[in-house]
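Asker: Spelled out from the first residue to the last, the chains are:
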Amino acid sequence: MEINCPDVLLDSLENGHMVVDENFIVSYWNRWLSINTQIHKDEIIGKSLEEFYPEINYRVLQRKIKTALSIGTPTFYDANSSKKFIPINRNKVTTSSLKLMQQQVTISPYIVSQNRVMVSIYDISELFEAKLLIKKEMRTINKLNEKLEADREIIDKNIMVIKTSSTGIIKDVSTFFCDYFEMEKEHLVGENISIFKVADISNIIYRELVQTVQNKKSWNGELKYKTLSGQEKWFQTRVLPIFNAHGELHEFSAVCHDITNEKLLAQLYITDSLTKLYNRAHFDETINLLVKHKRKTDIDFVLAIVDIDHFKSINDTYGHQVGDEALIAIAKTLKNSIREDDLLARWGGEEFVIMLKNVTLEEAKNIIEKVRVNIEQSVINNNIKVTASFGLTRYIFGEDAKEIFKRVDDALYKAKNSGRNRVVVK
Amino acid sequence: MKVLVVDDSKIARMGVIKSIKEVYPNAQLLQAINGLEAVELYEKENPDVVFLDLTMPVMDGYEALGKIMEINKEAQVIVITADIQNEAKLRVLVAGAKNMYPKPINGEIMAKIFKQDILL
Amino acid sequence: MNLEFNEDQIDALREFMNVSIGAATASMANLLDAFGTMHIPKIEICNSDELADKIEASIDSNSMYFVIKQLFTGKFGGECMFVISQESALNLGNYLYNAKNSSYDDISDAVLELTNILTSTIISRLTQELDTQVQFFVPSLQFLDSTSVVSDDDVAEYSKIIIISTVLDFEDKQIKGNIYVLTKDKAIESLKILIDKKIEEIYG
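Those protein sequences? They're chains A, B and C, same order as listed.
Residue 252 in our numbering sits at position 252 of the first sequence, and the numbers go up by one each step.
Residue 92 in our numbering sits at position 92 of the second sequence, and the numbers go up by one each step.
Residue 11 in our numbering sits at position 11 of the third sequence, and the numbers go up by one each step.
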């Protein structure tokens, strides 16, 4: 069935529709307009729109009406500006950003022969509000981005950060990192991180690092690097694994902090200034810690004490300087005769202590016997020969440091009293 | 009868030719794709009628019209163009064209052209 | 989907655009009371990621532009884009609003009105040539620099695009603008079918 009553049709639409001619005489005014403008169609039909709405720019409107009529397609009135067409109050209470309805006005040819057009008003306030909201949010985002960018720059200029792929290929480095290492970013990116590996750091540390990050945990520790000019630097380094959205390892980020000076100070504090071996304080601290914590792997050790035989006569015969040289030479011999993991320190005067780890008393005795022979066979300052006496004892679970030192002293005393240049075990 | 059709677009020339054939199936047809070619062909072939486009590369229709009129003051040139501004029409009429018609042309318009604008 | 055009198809499309631009120029000439110089339309086929560069290359990089985009749909659908320099737009605004220094709102309204006439005329004329009909949408206006007329984000998805472009040139009024009719993928296919029908009709 064909519908033949356009009035009813237009009245049922939720938009404003009016028919005007090029002199703005209204010949149709739909229900939506009546309700929203409080102007009944009987009041306005037959009259000019100008009588009711003098603020509209009629010169422009007329041109648009003419255009719509002449080209036969719709034209759009003021689709972009803040100007209103027919002001309609907006009664929305919860949001107050718009007092007046934001409108889109379309002028379509209606009855071209009578120069009549249909002017349609669409409420686009919600859309407009959404746009305003987006604009506001964008401003906030831009501000945050600016701040973020500033922070990023501070980090870049002041903190050493290096990023690598999951396989260790360098992806990014901070400016500060480059400056510090006297390297160019372009040269670093694409290289493997292993170029920073330094030979004299034990592989155990690197292995621990790799294992930790492969287990998707962050690693924290001290690493030594060499700068381009060959300076050795110590870094407190934190390596963080970074995951992608699927939880897979994506890249690593490392933050480094130069601790070279602290490291040097700490080294100085535990080093004997003459022999460069550990000093008594460090040895004491180490042994006390081991005894206190009672970790099985740590307290499995043998303690040896070394005393140079007749050292006083070297000092008396050749002078203190030669005496010092002798101590340095003996320290070197000692160090070269034991294993890397064993702890060696100058105990005071002509006495040294050695902590031999994870050995039986028999094995320890063999090692120390070798040490004794090495000292006996060495020649100091081209013509001086020395010997040393050794006390040796095994740590007994539960005893404190005093007790083991008492025992090892007893052993040394016995070695001294039974002719020197020998090893006594107790 | 000899007719010269000038347009850079092939479909435009074909449109004009199709319309001519509806009116004069036996017309002898010449084609040129720009003003320069048109002037050269005009000089050589001296056609009875020229259908000339305005917007063309190398030499546009205004210039070609001038040159053709120089060759033959009595030349019968009909401008067929997409440029439907009144001023364009004024310009070509002043330059000597018999008339100007908007594109595209059809047989009906062509019949009118031959009846009104052209002396054979 | 074969989106390539042969010589005859490009020739036909260029001619239809020529006719459409002719109508648009005449409408504009009425509005501006001036004579417009017509230029030969250009047809280009490119990938979506090349569009921004192609548009940028066709305009002067030193100016700011009002860019109006209007969507049209139907068997032949796409976007009609009008790019007019700030200077031309000001001249247009001043002329249409009878002012010395038009406000931004007046200028944008004048530009929109002009675009409205242009796109309506061009597209309805083009679709008339192609024996089809289209529906128009409300145009959108932006004020941009030459590099942002088409942003890369807008054309993130890959597609083939046809650019039909020409220059509108009203020298007396110092008003000049670039007009682009853009269409892609499926609409190109429909366009080809429409063109082929027309070619067959004329070539006989």
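Think of the hints as simulated: they come from the structure by calculation, not from any bench.
Hints may contain errors.
List time: in silico DSSO-like cross-link candidates among lysine-lysine, alpha-carbon distance up to 27 Å [what the hints assert, rightly or not]:
{"#": "1", "chain 1": "C", "residue 1": "173", "chain 2": "B", "residue 2": "89"}
{"#": "2", "chain 1": "A", "residue 1": "66", "chain 2": "C", "residue 2": "176"}
{"#": "3", "chain 1": "B", "residue 1": "10", "chain 2": "C", "residue 2": "173"}
{"#": "4", "chain 1": "A", "residue 1": "335", "chain 2": "A", "residue 2": "216"}
{"#": "5", "chain 1": "B", "residue 1": "18", "chain 2": "C", "residue 2": "192"}
FRET-style restraints, in silico, Cβ to Cβ [to be verified]:
{"#": "6", "chain 1": "A", "residue 1": "138", "chain 2": "C", "residue 2": "60", "range": "45 to 55 Å"}
{"#": "7", "chain 1": "A", "residue 1": "228", "chain 2": "C", "residue 2": "47", "range": "39 to 49 Å"}
{"#": "8", "chain 1": "C", "residue 1": "147", "chain 2": "A", "residue 2": "226", "range": "39 to 49 Å"}
{"#": "9", "chain 1": "A", "residue 1": "221", "chain 2": "C", "residue 2": "63", "range": "52 to 62 Å"}
{"#": "10", "chain 1": "C", "residue 1": "63", "chain 2": "A", "residue 2": "185", "range": "35 to 45 Å"}
{"#": "11", "chain 1": "C", "residue 1": "186", "chain 2": "A", "residue 2": "137", "range": "26 to 36 Å"}
{"#": "12", "chain 1": "C", "residue 1": "75", "chain 2": "A", "residue 2": "161", "range": "53 to 63 Å"}
{"#": "13", "chain 1": "A", "residue 1": "13", "chain 2": "B", "residue 2": "23", "range": "43 to 53 Å"}
{"#": "14", "chain 1": "A", "residue 1": "55", "chain 2": "B", "residue 2": "23", "range": "55 to 65 Å"}
{"#": "15", "chain 1": "C", "residue 1": "60", "chain 2": "A", "residue 2": "41", "range": "50 to 60 Å"}
Here are a few chain A residues that face chain C, going by a calculated C-beta distance under 7 Å [as the list claims (entries may be wrong)]:
{"#": "16", "residue": "71"}
{"#": "17", "residue": "73"}
{"#": "18", "residue": "75"}
{"#": "19", "residue": "76"}
{"#": "20", "residue": "187"}
Glycine residues also receive a C-beta, built at the ideal position from the N, C-alpha and C atoms.
Asker: Next step is simple, just say for each hint if it's right about the structure.
Answerer: Here is what the structure says about each hint:
no.: 1; hint: 173/C with 89/B; verdict: 20 Å, holds
no.: 2; hint: 66/A with 176/C; verdict: 23 Å, holds
no.: 3; hint: 10/B with 173/C; verdict: 34 Å, violated
no.: 4; hint: 335/A with 216/A; verdict: 39 Å, violated
no.: 5; hint: 18/B with 192/C; verdict: 22 Å, holds
no.: 6; hint: 138/A with 60/C: 45 to 55 Å; verdict: 29 Å, violated
no.: 7; hint: 228/A with 47/C: 39 to 49 Å; verdict: 46 Å, holds
no.: 8; hint: 147/C with 226/A: 39 to 49 Å; verdict: 46 Å, holds
no.: 9; hint: 221/A with 63/C: 52 to 62 Å; verdict: 59 Å, holds
no.: 10; hint: 63/C with 185/A: 35 to 45 Å; verdict: 37 Å, holds
no.: 11; hint: 186/C with 137/A: 26 to 36 Å; verdict: 35 Å, holds
no.: 12; hint: 75/C with 161/A: 53 to 63 Å; verdict: 57 Å, holds
no.: 13; hint: 13/A with 23/B: 43 to 53 Å; verdict: 52 Å, holds
no.: 14; hint: 55/A with 23/B: 55 to 65 Å; verdict: 58 Å, holds
no.: 15; hint: 60/C with 41/A: 50 to 60 Å; verdict: 52 Å, holds
no.: 16; hint: 71; verdict: 5 Å, holds
no.: 17; hint: 73; verdict: 4 Å, holds
no.: 18; hint: 75; verdict: 5 Å, holds
no.: 19; hint: 76; verdict: 6 Å, holds
no.: 20; hint: 187; verdict: 31 Å, violated
Hint compliance for this structure: hints 3, 4, 6, 20 are not met, and every other hint is.
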